[in-house]
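Asker: The lines below spell out each chain.
Protein chains: 2
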Amino acid sequence: MARTDIARRVYNHTWKLDPIVRSLLDTDFYKLLMLQMIWGMHPKVDATFSLINRATSVKLAEEIDEGELREQLDHARTLRFSKKEMIWLGGNNFYGRKQIFEPEFLAWLENFQLPPYHLEKRDGQYELTFAGPWVLTSMWEIPALAIINELRSRSAMKAFGPFALDVLYARAKAKMWDKTERLKMLPEIKISDFGTRRRHSFLWQRWCVEALKEGIGEAFTGTSNVLLAMDTDLEALGTNAHELPMVYAALANNEDELKQSPYKVLRDWQRYYGGNLLIVLPDAFGTAAFLRDAPDWVADWTGFRPDSAPPIEGGERIIEWWRKKGQDPRSKLLIFSDGLDVDTIIETYRHFEGKVRMSFGWGTNLTNDFEGCAPVETDRLNAISLVCKVTETNGRPAVKLSDNPAKATGDKKEIARYLRIFGEKDRVEQLVKV
Amino acid sequence: MARTDIARRVYNHTWKLDPIVRSLLDTDFYKLLMLQMIWGMHPKVDATFSLINRATSVKLAEEIDEGELREQLDHARTLRFSKKEMIWLGGNNFYGRKQIFEPEFLAWLENFQLPPYHLEKRDGQYELTFAGPWVLTSMWEIPALAIINELRSRSAMKAFGPFALDVLYARAKAKMWDKTERLKMLPEIKISDFGTRRRHSFLWQRWCVEALKEGIGEAFTGTSNVLLAMDTDLEALGTNAHELPMVYAALANNEDELKQSPYKVLRDWQRYYGGNLLIVLPDAFGTAAFLRDAPDWVADWTGFRPDSAPPIEGGERIIEWWRKKGQDPRSKLLIFSDGLDVDTIIETYRHFEGKVRMSFGWGTNLTNDFEGCAPVETDRLNAISLVCKVTETNGRPAVKLSDNPAKATGDKKEIARYLRIFGEKDRVEQLVKV
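Chains A and G are the protein sequences, given in the same order. Count along the first sequence starting at 1, add 9, and that's the number in our numbering. Count along the second sequence starting at 1, add 9, and that's the number in our numbering.
It is worth saying that the hints were derived from the structure and are not from the lab. Keep in mind that a hint or two might mislead.
Where chains are identical, the list cannot tell them apart; a pair therefore holds if satisfied intra-copy or between any two copies.
[Unchecked claim] Listed next, the in silico DSS-like pairs over lysine-lysine satisfying Cα-Cα at most 25 Å (straight line): (1) K92 x K364; (2) K273 x K93; (3) K107 x K199; (4) K107 x K334; (5) K53 x K364; (6) K167 x K193; (7) K92 x K68; (8) K222 x K167; (9) K199 x K93; (10) K53 x K398; (11) K333 x K273; (12) K268 x K167.
Since this is a predicted model, take the numbers as computed values, not measurements.
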């Protein structure tokens, strides 16, 4: 038997494209949940999404070849949901519920295609924007980020020989496994993979998901990545994102509508979803303002996902608010998902143990932690804070304030206006590493 | 293109034997150097080699299946030197010398076959002996040890799933690479691979050799493994072993001949070899006795390989002896090869830097260090102190005293007699880990 599969070798050496995103399901589950609501309630709203590289010292346009980036984005536009994928979306239980997606929505999804993109270089960065109907552009967020992050990894590794690559991945695996062993010490913990957008690569995310399955067993509750959930029979997890209140707020016609927009999002959301999908993301315009002005029924929701305040302080404020509203925090859920690493997970878990139900949505530090792994000196494998945010809707600027001013996005004048309306209470500048 | 090579898959799943030793060159170079001398000067001497497991708590016969062991030993007996191997042995320069092997010896080697073995189980251990002409039995030492060590690794890993194996090797690679990074800090160091006999597996030894090539470059001077030296264009390294003085001593007819036997070995050796091959292995019957009684010409040899005394003390005694004999130690070579790990290598190197030329023959801790690597609790991947020693020659018991009484081998009464003759000076009991 030949040792070398000649056909495969020739094929590999004449490879035109190694697609990064190979399925429209290779996205975060919450995009589909939000998409159904956008499709149902806001089919005419336009929304522009823009790539924002917070790591301004990293010149993406110098690290990533424009031609390769276009090839990957173009390839993603050729994708459609496959028959198998459509059947699975229709037939699978999500969050314990059958047919979470309406047949009409699925029928529409069958023909879904990612819309055109606009790409240009400026000052060593890429200006990458997706303009058009919200119900189309929203779906670019995750594949666009996954593509850029993986192209950046590939570019960093181009100089590596086979041995250096072998050592790189061996170390990354050893590092990842050490993390699972530390997490295993907390048998009641609930951890899920939220790392699609920031992953080093698709294959590496898959390995990390397998490592969590093997390493912490039942404590690993699922993945936000729909394709991996389908392929590995894991739960697909996720609820909603800042784009909802951001668009609602931008469309508000007066100050009162603006102040009410975060709650309007929740009201619309619960028309579609219930139970564990009733998770509040409170920080779009500051958690303090959100809690101060929230109607009482918000306290009946299952939980909160504090996403930019320091986890312990942020969690404590929400618990205090629940108590004031007469709720027992022990029946409530906090989902932590902001810049988690094993230390913060353990520290937060220990702090809240017995006080509240918890879940950890582990992202960048799960799927893109190669610090110290390369056998040659490079900082180009370190993850960066790259996001793809809605920046405009129906011609109006969209804004996020966040609890961390470093995570605010949008037009400066508009940010100032929002700050005037929502207030600055409890906003604390923190270094955004990833 | 099919993702699965069906033919290969079926072949792999019906595999009858995965041979551990696939070439007679998969042995230590010094065996060939010694073999030429044995062939030339002692063709009629019989020598029995026996497996000795110093790790008595490890029950080899319980860990390794007898049938599998026999299959591997039988397979090794089917091997012959291939044409390519013979041409390389005849055509390659060893230690800078052309035609180190005589044409007549090579002609004889062409038909070499490993002789029969005797195997039985006793008290959970294997009694494995090779009896017959020294010029045949000597060649069993390395393949027998490599086979048993790799069968032991395989047996330990039988319970591992694919993920556990992936983590195991990832960690072992990460660990090995960390070692190369520490050694790289010592740019003038000379390190070679002496790990064939104790290796975890052939493929792992090859990976470690590649790691040293990549990791420390010129500081990696070669390997004792002849096959790896040939395949990777490295220097084949090694000089001589205890079996020479052990056999000479056992054949001595009186006390005076016995006391002279270590020097007779050296006199015979230099008929065949010169230069960097003139390395004294002084500890067969104690280094103190060896130095005390050594003729002056021994001080003219290129260097010593202290193999059982603590490296710094042992090296200092030899340097002191060189000085007494009017030699400049800075022109002399010490080859350290006993139970080295990175710490002892660095410590020894720092101690002797500038005082003497040094080289480190790195064995077990290079090619079989899996401690802490398995994702499941097991001590069965930890290397053990397993040797294959000459125990009898022409019907007489063969004995080694060593500088470390824990490394002595042979008949107890005979050891007592040798101790009376050679003395006990400077012998220090040390734990033999590997």
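Asker: Please go over all the hints and tell whether each is borne out by the structure.
Answerer: Structure-based check of all given hints:
Proximity of K92 and K364 under a CA criterion of 25 Å is satisfied in neither setting, with 45 Å inside one chain copy and 75 Å between copies. When the C-alpha separation of K273 and K93 is checked against a cutoff of 25 Å, the pair qualifies neither within a copy, at 35 Å, nor between copies, at 80 Å. In this assembly of identical chains, the alpha carbons of K107 and K199 lie at most 25 Å apart only when taken from the same copy (23 Å versus 67 Å across copies). With identical chains, the CA atoms of K107 and K334 are never at most 25 Å apart, being 32 Å at best within one copy and 91 Å at best between copies.
In this homomeric assembly, K53 and K364 never come within 25 Å of each other (Cα to Cα): the closest approach is 44 Å inside a single copy and 83 Å across copies. Taking the shortest Cα distances, K167 and K193 sit within 25 Å of each other only across copies (24 Å), while inside one copy they are farther apart (35 Å). For the identical chains of this complex, K92 and K68 are neighbours neither inside a copy (40 Å) nor across copies (57 Å), given an alpha-carbon limit of 25 Å. When the C-alpha separation of K222 and K167 is checked against a cutoff of 25 Å, the pair qualifies only between copies, where the shortest distance is 21 Å, while the shortest distance within a copy is 31 Å.
Taking CA atoms no more than 25 Å apart as the test, K199 paired with K93 passes in neither setting, with 30 Å inside one copy and 59 Å between copies. With identical chains, the CA atoms of K53 and K398 are at most 25 Å apart within one copy only, with a shortest distance of 19 Å there and 85 Å across copies. In the homo-oligomer, the alpha carbons of K333 and K273 lie at most 25 Å apart inside one protomer (22 Å), although the nearest pairing across protomers, at 95 Å, exceeds that limit. Proximity of K268 to K167 under the C-alpha cut-off of 25 Å is found in neither arrangement, the shortest distances being 49 Å within a copy and 63 Å between copies.
In this structure, the hints that do not hold are numbers 1, 2, 4, 5, 7, 9, 12, in rising order.
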